[in-house]
Amino acid sequence: MTAEADAFRGAAAAPEQFAAVPGDGRRRWHVAALVTAGLVALPVLAIVRTALFPTENIWPHLASTVLPGYVVTTLLLMLGVGLGTFVIGTGTAWLVAMCRFPGRRVFEWALLLPLAMPGYLIAYVYTDLLEFAGPLQSALRAVFGWSTRRDYWFPEIRSLGGAIAMLTLVLYPYVYALARATFLEQSICVLEVSRTLGRSTWRSLIDVALPLARPAIAVGVTLALMECLNDFGTVDFFAVRTLTAGVFDVWLRMGNAGGAAQIALVMLAFVVLLIWAERRSRARQRFHHTSSKLRPIEGIRLRGRKAWAATLACTLPVALGFVVPAATLADYAFTSASAEWSPDFLRHALNSLGLSAAAALAAAGLATLLAYAARQRAGKLVHGAIRLASVGYAIPGAVLAIGVLIPFAAFDNAVDAFLRQTLGVSTGLLLSGTVAALVFAYTVRFLAVSLGAVEAGLGRVTPSMEMAARTLGHSPSATLRRLHLPMIRGSLLTGGLLVFVDTMKELPATLVLRPFNFDTLATFVYQYASDERLEACAPAALAIVAAGILPVLLLARSVGAARPGRKRDGT
Amino acid sequence: MTRSLTGAMLGSAIALAAMVGSTAAKADGEVNIYSLRQPFLIEPLLEAFTAKTGIKTNVVFAKEGVVERMKAEGVNSPADVILTVDIGRLNDAVEAGVVQAVESPVLTANVPASFRDPEGRWFALTQRARLIYASKERVKPGEITSYEELADPKWAGRICTRSGKHDYNIALLAGMIAHHGEAKAEAWLAGLKANLARKPQGNDRGQVKAIKEGECDLALGNNYYYGAMLADPEQKAWADAVNPVFPTIGGTKGTHVNVSGIAMSKSAPNRENALELMEFLSSDEAQEIYATVNYEYPVNPHVKWSPLVESWGRFTPDDLPLSAIAELRSTAVRMVDRVGYDG
Numbered sequence: 001m002t003a004e005a006d007a008f009r010g011a012a013a014a015p016e017q018f019a020a021v022p023g024d025g026r027r028r029w030h031v032a033a034l035v036t037a038g039l040v041a042l043p044v045l046a047i048v049r050t051a052l053f054p055t056e057n058i059w060p061h062l063a064s065t066v067l068p069g070y071v072v073t074t075l076l077l078m079l080g081v082g083l084g085t086f087v088i089g090t091g092t093a094w095l096v097a098m099c100r101f102p103g104r105r106v107f108e109w110a111l112l113l114p115l116a117m118p119g120y121l122i123a124y125v126y127t128d129l130l131e132f133a134g135p136l137q138s139a140l141r142a143v144f145g146w147s148t149r150r151d152y153w154f155p156e157i158r159s160l161g162g163a164i165a166m167l168t169l170v171l172y173p174y175v176y177a178l179a180r181a182t183f184l185e186q187s188i189c190v191l192e193v194s195r196t197l198g199r200s201t202w203r204s205l206i207d208v209a210l211p212l213a214r215p216a217i218a219v220g221v222t223l224a225l226m227e228c229l230n231d232f233g234t235v236d237f238f239a240v241r242t243l244t245a246g247v248f249d250v251w252l253r254m255g256n257a258g259g260a261a262q263i264a265l266v267m268l269a270f271v272v273l274l275i276w277a278e279r280r281s282r283a284r285q286r287f288h289h290t291s292s293k294l295r296p297i298e299g300i301r302l303r304g305r306k307a308w309a310a311t312l313a314c315t316l317p318v319a320l321g322f323v324v325p326a327a328t329l330a331d332y333a334f335t336s337a338s339a340e341w342s343p344d345f346l347r348h349a350l351n352s353l354g355l356s357a358a359a360a361l362a363a364a365g366l367a368t369l370l371a372y373a374a375r376q377r378a379g380k381l382v383h384g385a386i387r388l389a390s391v392g393y394a395i396p397g398a399v400l401a402i403g404v405l406i407p408f409a410a411f412d413n414a415v416d417a418f419l420r421q422t423l424g425v426s427t428g429l430l431l432s433g434t435v436a437a438l439v440f441a442y443t444v445r446f447l448a449v450s451l452g453a454v455e456a457g458l459g460r461v462t463p464s465m466e467m468a469a470r471t472l473g474h475s476p477s478a479t480l481r482r483l484h485l486p487m488i489r490g491s492l493l494t495g496g497l498l499v500f501v502d503t504m505k506e507l508p509a510t511l512v513l514r515p516f517n518f519d520t521l522a523t524f525v526y527q528y529a530s531d532e533r534l535e536a537c538a539p540a541a542l543a544i545v546a547a548g549i550l551p552v553l554l555l556a557r558s559v560g561a562a563r564p565g566r567k568r569d570g571t
Numbered sequence: 001m002t003r004s005l006t007g008a009m010l011g012s013a014i015a016l017a018a019m020v021g022s023t024a025a026k027a028d029g030e031v032n033i034y035s036l037r038q039p040f041l042i043e044p045l046l047e048a049f050t051a052k053t054g055i056k057t058n059v060v061f062a063k064e065g066v067v068e069r070m071k072a073e074g075v076n077s078p079a080d081v082i083l084t085v086d087i088g089r090l091n092d093a094v095e096a097g098v099v100q101a102v103e104s105p106v107l108t109a110n111v112p113a114s115f116r117d118p119e120g121r122w123f124a125l126t127q128r129a130r131l132i133y134a135s136k137e138r139v140k141p142g143e144i145t146s147y148e149e150l151a152d153p154k155w156a157g158r159i160c161t162r163s164g165k166h167d168y169n170i171a172l173l174a175g176m177i178a179h180h181g182e183a184k185a186e187a188w189l190a191g192l193k194a195n196l197a198r199k200p201q202g203n204d205r206g207q208v209k210a211i212k213e214g215e216c217d218l219a220l221g222n223n224y225y226y227g228a229m230l231a232d233p234e235q236k237a238w239a240d241a242v243n244p245v246f247p248t249i250g251g252t253k254g255t256h257v258n259v260s261g262i263a264m265s266k267s268a269p270n271r272e273n274a275l276e277l278m279e280f281l282s283s284d285e286a287q288e289i290y291a292t293v294n295y296e297y298p299v300n301p302h303v304k305w306s307p308l309v310e311s312w313g314r315f316t317p318d319d320l321p322l323s324a325i326a327e328l329r330s331t332a333v334r335m336v337d338r339v340g341y342d343g
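Protein sequences appear in the order of chains A and B. Take the first sequence: its letters are residues 1 to 571, numbered as in my numbering. Take the second sequence: its letters are residues 1 to 343, numbered as in my numbering.
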């Protein structure tokens, strides 16, 4: 009802546009988007409801003790990870997209590899390597004859700085992937004009390419920050007390789920504010490419010291974010006596792959539906619902899982009660405790990822193209099928693959929601890793990483192939 | 487009449903377990149970959200029993109203009264002592004998612990509060914090590793980790570097202990099987597995400790009722915040 009214208002506000196009199916899109967004927002709403009923007011205690510390730590963590992912992601994306230097073709895909490495694993590995008892410090002590901690200074890996480093290393690929795709899709003409007008290469980056890529980069950094907020495994392991730690204290140790939900919502407010601020500062700027001259980018040939600097700049993130941790895991897996080679791997791996594929498909499909509906001159209601649907990403997985449980179980119990009354049969729990609940949870959690990618892709379809299609009598659905989908195929694939890889690594929601006797690679690793028995679970951990590599490589291809008018230039 | 997408989603949903296959619910010869304990710890016990009774066990393991899941699932929850560590967690389940009272002569005979709820809503299965691990090289035997001494300035910069918020440390602190009152307990915690060699981090094993590496001389840890480390080829050296000490609490002869336990779900669809499992886990056979495989102390007084566990020495458990520890948990958490123990 409201949707229709809203759509109507939208249409009435701009009657001179295509209000009277035949076969107008815009309203249907709005309704579909509202229903979908509503469903996806259910868990968040369930958390809001929980927050209304705390067992006691936790804020006075928190505010007088740990809250200021938690807030400062959280902000510093976000600042550090935000800056880190921006600099590494955008910098390397620019280098591989616009420059020529040794190893560039390898870096194009290799820079994505850290995506396959779960944050909690990289934290375990680096702690093993860099702590006082680790091989590096032991070697230093042996060489220099130091004996205790007081004899020398070494950065503490289990610290805020360590957490920022770990999260940056595994999260920068979001920014890299989105920024690179955008750089590649930019018309070379814009850059050539910039250079003709006397801008140097680097000024062109700053003045022209970056502003054009800003929406995509903003999406990437926002994703990294949301991930950073919902992360518990890494910060907990590093004894870094963020607001997420507060959520778990209040929930599990003070037995106050309502109070915990309140903290989670405050964190959410952080993110919403952040997204709003970014959008606001972009205000009404819209960038669309008006030139379709998209011949392959020649690239600036870097020479000598500059070329080596570029190679080094791209090597470091790949080496630290992927090669070192993967090699360490492989070493444990093949040389440690306590490594557990379980024959159940295959089953766990199939579970992981099946769930990831389903979640990727669902998230990409829903993202297309929502983003496209929003383009159909949707009103504030639809836009608001879509924003609400995509905030699940910033909520700690375990909390979100409870949010999924509540509506699912309520639905199951209602159906059961109804059928018992009318037909005298009991259906029990239909959806709760099944993989359906899991796939739904993943979709809710990772919708922001696919939505970001799809929105960035749709942003490049100019309104004039769309108007042309509509003027030629295509309905919104036909326009989507014949115009948008072919144009955003790359972005859609990128979004889907990102969700795939994220689902492979997902742990907390899986633990809470899974069916009986059901393991994924991540849950299997967790039962050992949580006991700091990294050697024991190294083979399974390696399997997660290996299973993540293929989609990451596909992702690299899809981003490369996304460039329209790209010739077979061997890149 | 929408149609093909719907088709694809439907298809993958069906594929997924087929993938799972076994959705456990009410079925003959099965029992459904929600476990907060790691699968590899309980697997040997469940295997023995199935071998003996022919009843198949289905397990979901999660460290958080189990009680919330049972609450949401309500009357239709497939859970038959909940297995957990820490009296606080058992108490949570009772308070959430997701468990039911069980009457069983077998359980009453096997589990002493102090290790079960008077109303039968939970039963402890094992006892674990919170030890002080002391460096063999740098701490003389007998140099520390009580938890209270951990706050002695002579240990400045020499103690390692995991997070003060961890269930095991919270329970110990709750015990200190019960014995000494809030003010003294808080002064003790502040004193302990002042003695820490590093910010609280890692798990109990990690603290012992830190002693071996010379980062600290004393650490707090549960007793069974000692056995687990001795059995692990990578970790034996850590355990070899320390002596386990059974400290006393509150001027008594008792050492602080906590429990792992079991409760029956209110909705239990397989009540008979659940009861059978509970009785089995308290039996001599299962209690012996707990003692030999997990290095925990059996609650069943008829069961002998494993020779290894025995070799660490006999001790007197603190006779503070478990319910007192559960009640003071929230007070303890707040105290950790006030002292800024983890900061």
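A couple of the hints might just be wrong.
Just a few of them, taken from the derived set where beta-carbon distance is under 10 Å, the chain B residues facing chain A [what the hints assert, rightly or not]: (1) S163; (2) A210; (3) E215; (4) Q235; (5) D284; (6) V293.
No lab work stands behind these hints: they were computed from the structure. We put the CB at the ideal spot given by N, CA and C, even for glycine.
Each hint, compared with the structure:
no.: 1; hint: S163; result: 6 Å, holds
no.: 2; hint: A210; result: 7 Å, holds
no.: 3; hint: E215; result: 5 Å, holds
no.: 4; hint: Q235; result: 8 Å, holds
no.: 5; hint: D284; result: 28 Å, violated
no.: 6; hint: V293; result: 15 Å, violated
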